[in-house]
Amino acid sequence: MQSEYLIKEIQQGLLKWYDFKPNSTFLYLGEKDEPCATLLNELAGQTTCMSAVQASAQTTTQTAAQANAQAAGHSTAQPADTSSRLTCASPLQTLTPQWQQAHTAGFDYIIAIETLETLESPAGYLSYLKSLLKPDGTLLLGMNNRFGLRYFCGDRDPYTERNFDGIEGYRRAYAQKEDLFQGRCYSRAELRSMLQSSGFETFQFYSVLSDLKNPSFLYAEDYLPNEDLSNRIFPTYHYPDTVFLDEESLYNSLAENGMFHEMANAYLIECPLSGRLSDVSHVTSSMERGPERALLTIIHRSGIVEKRAAHTEGILRLENLIEHGRDLSAHGISVVEAKLGPYLPAHNILDTIANHEANLSRCDTTAAASHPNQVPPVLNTTAAAPTTAQVPPAHAAPTAPPESESRPISYLMPYLTAEVGQLYLKRLLHEDQDMFLRKLDEFRDLILQSSEIIEPDLGDGNGAVLRKGYIDMVPLNSFYINDTFVFYDQEFCEEHYPANALIWRMIATFYAGDLEVQKLMPMETLLNRYDLKRKLSKWQKLEWDFLADLRQEKTLRKYHEACRRNYDAVNSNRQRLNYSAEKYQKLFIDIFRNADTRKLILFGSGNFTKRFLSLYGQDYPVYAIVDNSREKWGQEVEGISIQSPEILRSLQSGEYKILICIKNYLSVMKQLDGMGVTEYSIYDPGKDYPRKRKPIVPQNADAVSGSADHSAVKKKYHTGYIAGVFDLFHVGHLNMFKRAKEQCDYLIVGVVTDEGVRKFKEVEPFVPYEERAEMVRSCRYVDEVVEIPLNFGGTRDAWRLHHFDCQFSGSDYVDNPDWLAEKEFLEKHGAEMEFFPYTQSTSSSKIKDLIDKKLL
Numbered sequence: 001m002q003s004e005y006l007i008k009e010i011q012q013g014l015l016k017w018y019d020f021k022p023n024s025t026f027l028y029l030g031e032k033d034e035p036c037a038t039l040l041n042e043l044a045g046q047t048t049c050m051s052a053v054q055a056s057a058q059t060t061t062q063t064a065a066q067a068n069a070q071a072a073g074h075s076t077a078q079p080a081d082t083s084s085r086l087t088c089a090s091p092l093q094t095l096t097p098q099w100q101q102a103h104t105a106g107f108d109y110i111i112a113i114e115t116l117e118t119l120e121s122p123a124g125y126l127s128y129l130k131s132l133l134k135p136d137g138t139l140l141l142g143m144n145n146r147f148g149l150r151y152f153c154g155d156r157d158p159y160t161e162r163n164f165d166g167i168e169g170y171r172r173a174y175a176q177k178e179d180l181f182q183g184r185c186y187s188r189a190e191l192r193s194m195l196q197s198s199g200f201e202t203f204q205f206y207s208v209l210s211d212l213k214n215p216s217f218l219y220a221e222d223y224l225p226n227e228d229l230s231n232r233i234f235p236t237y238h239y240p241d242t243v244f245l246d247e248e249s250l251y252n253s254l255a256e257n258g259m260f261h262e263m264a265n266a267y268l269i270e271c272p273l274s275g276r277l278s279d280v281s282h283v284t285s286s287m288e289r290g291p292e293r294a295l296l297t298i299i300h301r302s303g304i305v306e307k308r309a310a311h312t313e314g315i316l317r318l319e320n321l322i323e324h325g326r327d328l329s330a331h332g333i334s335v336v337e338a339k340l341g342p343y344l345p346a347h348n349i350l351d352t353i354a355n356h357e358a359n360l361s362r363c364d365t366t367a368a369a370s371h372p373n374q375v376p377p378v379l380n381t382t383a384a385a386p387t388t389a390q391v392p393p394a395h396a397a398p399t400a401p402p403e404s405e406s407r408p409i410s411y412l413m414p415y416l417t418a419e420v421g422q423l424y425l426k427r428l429l430h431e432d433q434d435m436f437l438r439k440l441d442e443f444r445d446l447i448l449q450s451s452e453i454i455e456p457d458l459g460d461g462n463g464a465v466l467r468k469g470y471i472d473m474v475p476l477n478s479f480y481i482n483d484t485f486v487f488y489d490q491e492f493c494e495e496h497y498p499a500n501a502l503i504w505r506m507i508a509t510f511y512a513g514d515l516e517v518q519k520l521m522p523m524e525t526l527l528n529r530y531d532l533k534r535k536l537s538k539w540q541k542l543e544w545d546f547l548a549d550l551r552q553e554k555t556l557r558k559y560h561e562a563c564r565r566n567y568d569a570v571n572s573n574r575q576r577l578n579y580s581a582e583k584y585q586k587l588f589i590d591i592f593r594n595a596d597t598r599k600l601i602l603f604g605s606g607n608f609t610k611r612f613l614s615l616y617g618q619d620y621p622v623y624a625i626v627d628n629s630r631e632k633w634g635q636e637v638e639g640i641s642i643q644s645p646e647i648l649r650s651l652q653s654g655e656y657k658i659l660i661c662i663k664n665y666l667s668v669m670k671q672l673d674g675m676g677v678t679e680y681s682i683y684d685p686g687k688d689y690p691r692k693r694k695p696i697v698p699q700n701a702d703a704v705s706g707s708a709d710h711s712a713v714k715k716k717y718h719t720g721y722i723a724g725v726f727d728l729f730h731v732g733h734l735n736m737f738k739r740a741k742e743q744c745d746y747l748i749v750g751v752v753t754d755e756g757v758r759k760f761k762e763v764e765p766f767v768p769y770e771e772r773a774e775m776v777r778s779c780r781y782v783d784e785v786v787e788i789p790l791n792f793g794g795t796r797d798a799w800r801l802h803h804f805d806c807q808f809s810g811s812d813y814v815d816n817p818d819w820l821a822e823k824e825f826l827e828k829h830g831a832e833m834e835f836f837p838y839t840q841s842t843s844s845s846k847i848k849d850l851i852d853k854k855l856l
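Final position of the sequence shown in the UniProt record's numbering is 856; the numbers increase by one with none missing.
Since the hints were derived computationally from the structure, they do not count as laboratory data.
Glycine included, each C-beta is placed from N, C-alpha and C at the ideal position.
It cannot be assumed that every hint is accurate.
Calculated pairs, DSS-like style, for lysine-lysine (alpha carbon to alpha carbon, straight line, at most 30 Å) [to be verified]: (1) K533 <-> K426; (2) K541 <-> K610; (3) K519 <-> K541; (4) K632 <-> K554.
Just the calculated beta-carbon pair ranges, DEER-fashion [what the hints assert, rightly or not]: (5) G169 <-> G606: 24 to 34 Å; (6) N482 <-> G106: 28 to 38 Å; (7) Y567 <-> E631: 22 to 32 Å; (8) E787 <-> D590: 20 to 30 Å; (9) L734 <-> T118: 52 to 62 Å.
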């Protein structure tokens, strides 16, 4: 699936849930090929269009029907002419007298996404837009909030491209008369005032997270999240490189302090002239998943939660939800009962009371569920009769409607205000850790109870294997009601799935994005408790493979890297705020100052130290490793003994240099300052520290360039880089080195170690690393051979080590999304990636095949 399609789908999520009136006319202020305009075009093409999801479904059905008719030789009716029902125009185009005369009171809906922000007088234009609406028309505005949390976390203003301009009210922006106005954001209060002065008497704000281009969550202004958002939200930014705070970790506190809506990054504002507002309180969109898996979860003020498939291909997902709930219930697991039924109308709040009983009757909910502030009664918990939050009575899940029908299907369940399992467990962790562990044990037992065990736990670390593994059986997808966990949204099920993978996911989702939990109880405590450490990498890989596929991480990698922050960059940005320029340079930039003339000592023995040794241990020999943990003294890291920091007292000032290799370095800095140690720096894995360059001296003057006559020829690049295994060295390798050397002055070749070949290619090399490296080193086109560190061998780590101008690679990666993302990374840092065609006649794989077949 192409990333462009998914990006468009994500942006359409802003309106995909909204219930538009049938046979409506639309004005979209923008280009016709913009994602929301494309969505409206689908709506305008329907003779009856209630919601964007229905329009998408009907469009798909009609297209299929037309294709079938054409294949059968039958003529089909032409698609509806949408030009009369959808108008796309810029604000400037709408201001001509002719246009105004032709369209006054002509539209049911006017949609403007970020458009008003580019106008110097948006209030006046709002009044004009009001005149273009029919008497019962609706204006939908997408607006960025200048007090959005993203800007307090370090994001730049989208119009001035500077930090904090919006927060300051743009008092420093557009200060000179030669400054051209590009646009500006407004606060919630400013937008309210603007709407009221323009004659809009009724409106409601939906807070949009992460932003208008990535609208995963919408919250009505009278609704607050009742779940932990720290591991649900993936913040996006205009300029992620300047961010210095973890935005997602702040939302819970904002909600507790009444600041959630005021600091939302953006708003969708509904302004109906009729006074009839949507009854939707909250929307969760998963449009990035693609047609078969994209769902919209909609919470209605009537007390009903509705799930809609974003496309007809997703209806099977809704049916699976029903089936999974029944299966879990049959195994004694408490679930929120649900049913399939037609879409719930959400036209307006004024109709909510009148339609409320009809809605509940349709869903057959209990009377208590009709009030969103009450928890519907649940059945008593027994092994045979699990707790069930009753909504609709169980009945056979209907199959997808035939193509002749356009009636959509929803998954319906009650809105519960019970405590979410995740929040309940976190509260227990703060109040009573023994009780927390007992309840987590109960949760683990429910996982083991959820399906038949087809392979028992043999005590080898692999655990039991379940016939069915429900991947989302995690605290975040449960309520705690009547002393038990009640599950919902069990959408994903895998056959023959290891229970330990589910238990790991239970723990991983609980700790995700919450450092406070880690302080209260280290994750390692639970990993040991449930015997997960022996095969931890296996469980982590299973979870990541599932999530990466679900979220389309590979397809969307370039997009995510362009708009999501880098955690190392966030850490580095925070460091810069704490020190003067001079001290920051000494502590974090010039870390190798005196490192090659004094005894180098690393403070810390964890992952940072291991990374440093892998990347720089060859260039800067380490004299000793010190650590404050007594239990580590006497152990070794890469053959270097871990010692007490007290050894520093036996060394003379000026005799040694310390590199602090710990994430939380402040306490160590204070410790060293107290010991009178001044010569120390801090190793930051997120920074680029180039390695020392070790060129091979050519045997004669012509060894590099081929002849002395060409020694002065200017080449395209100064430093080039190639990485590979180079097993069974052949002419294809030689051709690649030759072509690369023709384009660069200095060629570095990284060779994968034997352990790296086994780990990442899962084969045994024919030729040992030392011999492979020596063969490459002997090639006249190669200036330097380097060992690729085992766990830090990617393009980004290589660039940070060598600062090359170009990486050369084989052409079979030219369309690989991962390699294209690496190419974009290099270009962002002033380097390039070039792809060479392989020598078709020869390859290491072909030679190995011949050896295996004993044809050589």
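Evaluation of the provided hints:
1. Proposed proximity of K533 and K426 is supported: the alpha carbons are some 23 Å apart, at most 30 Å.
2. The hinted pair formed by K541 and K610 meets the criterion: a straight-line CA distance of about 22 Å does not exceed 30 Å.
3. For the given pair, K519 sits about 25 Å from K541 by alpha-carbon distance, which is consistent with the 30 Å threshold.
4. For the hint pairing K632 with K554, the CA-to-CA distance comes to about 39 Å; that exceeds 30 Å, so the pair is violated.
5. Taking 24 to 34 Å as the suggested C-beta distance range, the pair G169 and G606 does not conform, at roughly 45 Å.
6. Look at N482 against G106: about 56 Å separates their beta carbons, and that is not inside 28 to 38 Å.
7. Between Y567 and E631 the beta carbon distance is about 29 Å. The supplied range of 22 to 32 Å therefore holds.
8. Take E787 and D590: their Cβ atoms lie about 26 Å apart, and the range 20 to 30 Å holds.
9. Evaluation of the 52 to 62 Å hint for L734 and T118 yields a pass: the beta carbon distance comes to about 57 Å.
Hints 4, 5 and 6 from the earlier list are contradicted by this structure; the remaining hints agree with it.
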